[in-house]
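*Asks:* Chain by chain, the residues run as shown.
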Amino acid sequence: MMELGPLLIFKELVKLISPMILFHIFWATFVGMIIGMLPGLTATMGIALLTGLTFGMEPKIAIIILICVYVGAITGGSRSAILLNIPGTPANAAACLDGYPLAQRGEGGQAIGLAATASFIGTVFGLFCMAFFTPYLGKIALEFHSWEFFWLAIFGIIICGNLTAPADPLKGWISGFFGLLVSLVGMEGIAAYSRFSFGFDQMKGGFALIPVLVGVYGIAEVFGGMREIIFPKVRSKVGRIIPRARDLINHYRHILRSGVIGVIIGAIPGVGEDVASWVSYDFAKRASKKPEEFGKGSLEGLIAAETGDNACIGGAIIPVLSLAVPGSAPAAVLLAAMWLHGVRPGPLLMFEFPNYIWEVTAMMIMASFASLIISLSFVRAQVKILLIPRAVLMPIVFVLCVIGSFAINARIFDIWVMLGFGILGYAMRNYNYPAAPLVLGVILGDMADVNMRRALIRTAGDISPFFTRPISLILILLIVLTIMSRIKPLRIFVSVTIAKVKKLFTRQK
Amino acid sequence: MEYEFKRQDFYSGLIIIAISLFVVVESWRMPRYFQGWPVYAAPGIVTGLLGLGLLGMGITLTIRSIRRQGTPLAFKRSDILSYLKDPKTHRLGLMFALSLIYCLFLGHRLFYIVVTVIYLAIAMITFRGTSPFKAIMISLMVAIGVALIFNRIFLIPLP
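Chains as they are written, first to last, in this note's numbering: chain V, 148 to 656; chain D, 21 to 179.
Rather than coming from a laboratory, the hints here were simulated on the basis of the structure.
Model, not experiment: these values are computed from the prediction.
Relax, there's no trap hidden among the hints.
Straight-line alpha carbon distances no greater than 30 Å define the calculated DSBU-like cross-link-like pairs of lysine-lysine that follow: (1) D/Lys26 x V/Lys635; (2) D/Lys108 x V/Lys531; (3) V/Lys531 x D/Lys154.
Pulled from the structure, derived: some chain V residues nowhere near chain D, Cβ distances all over 12 Å: (4) Phe157; (5) Leu160; (6) Leu163; (7) Leu169; (8) Phe173; (9) Leu403; (10) Pro438; (11) Glu440; (12) Lys443; (13) Trp486; (14) Leu637; (15) Phe652.
Even glycine gets a Cβ: it sits at the ideal position worked out from N, Cα and C.
Given these sequences and hints, build the entire structure.
*Replies:* The structure is reproduced here in structure tokens:
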């Protein structure tokens, strides 16, 4: 299967080359870039919105549109980071540090060109890692049974909460557990008992994922954006855009390192592009011969940040396809969209849809090329979009959020769900609770519930396999280590113990 | 050290405790042998465990916030008044009210385009995004565009 991989990708690429598909690829990437560019509109929100809006389309077209929006948004976010010092999406926050000083020096065009090219390389690196590793992880995933899937869901929540709320992981875990509970509202999958529905027929169906996502990411952003109205001032002079080859060749180490970091972080459930970008930036700074230039317009910093966040896209799709566990918040929506369109990602994907991995890889290749072409052209026109006042933009976004939430089931109830979760998302943001674990919880809740109960049924109530099966044990160990690593007294105890042990083995003078 | 989220953590901790207690009690009240399934497959088992986990975290958050230095836990009248007088709060309240009214009008046999144009125009004019004439024109174009593209091309029903 692996030997045929490149050939299969090529075959899928050929299938995508048709005027209509190319048209969809370009407009979707362009829309994604606009969403990414505009501060306040995130990749997750864009994909969630488009999932609803493309619901009636042919599945293949709908998924390619969503992938293009994903890639476009993460790439486009660097525009506003460079020109406004406001990241278009959280993933581009690290790009502000060096992109904006470059723009202030009149090298905005060079920064945009380099960021776009680094994003392209990062995306391509990520997608090839995805194509290579997904089948292997898929094979390992076949060893996962109910016990392991239960622990995987819990592990996803814990690691996601840990990394998306570095200052206070407790809030990340609370957010994740709350998300798990939200997903369990309505009829459950084993005995069809209606939980927490309070006799309301609409509640028996549970909360649909898209209205929850649109609410938490979109509506919360609309309220936040309207509360603090910012009038952007864009530097109109951008200068040379096409990057010099030597700027890229000289920094190949940073590109490679950031690519690897992006893919690894992407593959960790729920963590996402923003963490990948910051970690890549940090590693680049540590490895640089000129760390003092970081934060003052360093090309190395900008390249590392943009390669890292885009490589994360491919990484985040690896667990989506192999385990049905999203690697990032946008990937979570992509997973939901795949479900909506009849594809069941997970361990059986390679049997049910043998070519799907290659199909997604081909779609990402097209998206990354479209993103590069659009990034390096129409820059001046795109810059003007940044000048649209928020007071005009946000009400329009609200209207689109309403349509997007309504479209999936044509229920007014979903609009209220969206609004309710929008208020919750806004409150969570103000109280420093990350939204990503909540979203991951909503996705993984059913997996945790059904697998735990199914496992207990299989063992007639015996809980020992949860703690004795090898993969379960590894997952439990990872969960315990993740939690322990964030408990301060334990951390101090461990470091003191390690120091004492080291001392025992050190030769005394 | 001043801990800026001391008060927020305290109140959000209390809310989490209340929610998790509700979840635990509701889970306990769920049937144990539903439709012949054994007790360990009961619908409330996972929700109960998650509720207990959330309860533990809510208690930790609340106790931690009480023990930390920082803002007093009780709200003063001046705090509430200054929050209510803040223009940002006014904008947030206004946007929320407008959005709520818009949602209330949807799905009640009112023509989608009309409701959307009115909502968009009022929002843009109230928040001074652009001149009233431009706001009405943009609203018209957006509402008609959305209705045409999504209803006619993407075949999505309008609320």
